[in-house]
Amino acid sequence: MPQLIEWLTPWEFSPTVLICTLLAGSLYARGARRCAAHGAPVPIWRSVCFFIGLALIYLVLQSYFDYLSQHMFWVHRLQHLVLHHLGPFLMIVALRPDLVRRALPSWVHRRVVGPAVRDPFLYGSYRFIQHPLVASLLFVGLIYFWLTPSIHFAAMLSTPRYLAMNWSMVIDGLLFWWVVLDPRPPAAHGTAGYGTRTVMLWAVIPPQIILGAHIGLSETSLFSVYNVCGRAWPISPIVDQQIGGLITWIPASMMSIVAALIVIRLWMHAPNATPGAARRTHGTIAKEPLPE
Amino acid sequence: MKLDGGASRPARYRAALVFAATLLLAGCGSDASWHLRDISGLMPDLQFTLTGSDGRHLDATRFRGKITLLYFGYTHCPDVCPTTLTKLAKAVASLGAQADRVRILFVSVDPERDTPAKLAAYSRYFGPQIVGLTGDNKELRALTKRYRVTYGLGKPDAEGNYEVTHSSAVFIFDAKGEVRLLATHQDKGDAIATDLQRLIGAG
Chain F
1 MPQLIEWLTP WEFSPTVLIC TLLAGSLYAR GARRCAAHGA PVPIWRSVCF
51 FIGLALIYLV LQSYFDYLSQ HMFWVHRLQH LVLHHLGPFL MIVALRPDLV
101 RRALPSWVHR RVVGPAVRDP FLYGSYRFIQ HPLVASLLFV GLIYFWLTPS
151 IHFAAMLSTP RYLAMNWSMV IDGLLFWWVV LDPRPPAAHG TAGYGTRTVM
201 LWAVIPPQII LGAHIGLSET SLFSVYNVCG RAWPISPIVD QQIGGLITWI
251 PASMMSIVAA LIVIRLWMHA PNATPGAARR THGTIAKEPL PE
Chain E
1 MKLDGGASRP ARYRAALVFA ATLLLAGCGS DASWHLRDIS GLMPDLQFTL
51 TGSDGRHLDA TRFRGKITLL YFGYTHCPDV CPTTLTKLAK AVASLGAQAD
101 RVRILFVSVD PERDTPAKLA AYSRYFGPQI VGLTGDNKEL RALTKRYRVT
151 YGLGKPDAEG NYEVTHSSAV FIFDAKGEVR LLATHQDKGD AIATDLQRLI
201 GAG
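Protein chains in written order, with the numbering used here: chain F, 1 to 292; chain E, 1 to 203.
Check the hints yourself; a few may be wrong.
[Unchecked claim] Short derived list, chain F residues pointing at chain E, Cβ under 10 Å:
| # | residue |
| --- | --- |
| 1 | S47 |
| 2 | L163 |
| 3 | T191 |
| 4 | C229 |
[What the hints assert, rightly or not] Under 8 Å between C-beta atoms, here's a sample of chain E residues computed to sit facing chain F:
| # | residue |
| --- | --- |
| 5 | M43 |
| 6 | Q47 |
| 7 | V149 |
| 8 | G152 |
| 9 | K155 |
In case anyone wonders, no lab produced these hints; they're calculated from the structure. Every residue, glycine too, gets a C-beta built ideally from N, C-alpha and C.
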């Protein structure tokens, strides 16, 4: 028990992470509750996905795991797999358009979402970074950026850069998976088509394989910061790097395949594919008034 | 006329070369002129509360006005610590009269075995500018966390000996206590001495 408490104690406490986690969790719970009240309950698997994703992100940032991530390359790669791939993926899969709408209080719709969507600069920037090409480049580019040895070195020494690195991974993860897994039919919302999304998912695989293989198969230590600052437990630098390379290489690419299957499922249920199914899933939602 | 024309061309050539070299250096980043890694602004300034070799508490303000080298280790360390300390002490000694403007803080992360008296004797052996420091677990964790380094104590063997893992970083702070450079065991003594000289020269 004391050991568990030690594990769960944040290595470097961040009020921002705590507040964001609580806020995201309570908004989702509110959305789910209100959906149920309107006769469109959220399936349990969606809620489970959301809270597992959220809890995973929180835990890798705010527990002893963060200490290990700072002092072991492969644990750091695992941390980023959760922050950039697994956590945001699970959270986005859990969303349903009506749930998002109902989760946000009406004043947020009126004062924040509405003006933001009407603001040409804000909305234009959002559409730009969510463009399939830009979103894919950002997704892969961020991984390469933070794994550039000199940038990685500075990020592991400097607390502000370390925080910027981890936050950028979560935010970009949410943005990328939202483009890919957006449950709204593209034809009606002007979002990326299912074919485009499938191409995106395949396009981000090779760069991750190349980077992972480059790191995993390198015979020299590329990330000397872990030698300099000390590793969490004795392990050969090359073995540490090999495991880290494999994590960058294999699970990261497998995520794309799982996502591609979900895109195919969305595609099959899209309005023009099977009209009957579409009327069932989307028609009822559209007719409902906005929640107050 | 002819001579003039002939002389101006190499001069122009030289100017272009200097310009290109400047661009190249600028492209290499700010640490191109240091031998060690420039980490200015990446880490917080020097701050700690530890126990000195006289057994009394000591904080970082004691070392303001000195160029300070911060290094973690333990006296039972078989190889890395003695070689690093020897190298650092030699680099500092090579500064001659200015050696007194530098202090090497050797922080033992093995307070169980490294008593203040033992640390004092150990530090003295390497050189007069070396200050042996240690602290309780909480103080040591706070300091290593501040500089994002770690250490760990291994399991004791039959004779009670155990290994200690620690960082190989030497953090170098200027007279104001601000972090400037990072040296590792791979850096040559000459490189360390040259950069220390430059830091002293800068004030």
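Right, here's what the structure says about each hint:
1. A hinted interface residue such as S47(F) counts as satisfied when its beta carbon comes closer than 10 Å to some beta carbon of chain E; here the least separation is about 37 Å, so the hint is violated.
2. Using the Cβ-Cβ criterion of 10 Å, the hint placing L163(F) at the interface with chain E is not satisfied: the shortest such distance is roughly 12 Å.
3. Taking 10 Å as the C-beta cut-off, the interface hint given for T191(F) is violated, the closest approach to chain E being about 41 Å.
4. A hinted interface residue such as C229(F) counts as satisfied when its beta carbon comes closer than 10 Å to some beta carbon of chain E; here the least separation is about 4 Å, so the hint holds.
5. For M43(E), the interface hint holds, since its Cβ comes within 8 Å of a Cβ in chain F; the closest pair sits about 6 Å apart.
6. Interface restraint check: Q47(E) against chain F, minimum CB-CB distance 14 Å, threshold 8 Å, status violated.
7. A least Cβ separation of about 4 Å between V149(E) and chain F falls short of the 8 Å threshold, and the interface hint therefore holds.
8. Interface hint at G152(E): satisfied, since its Cβ lies 6 Å from the closest Cβ of chain F, which is below the 8 Å cut-off.
9. Look at K155(E): its Cβ only gets to about 11 Å from chain F, farther than 8 Å, so that hint breaks.
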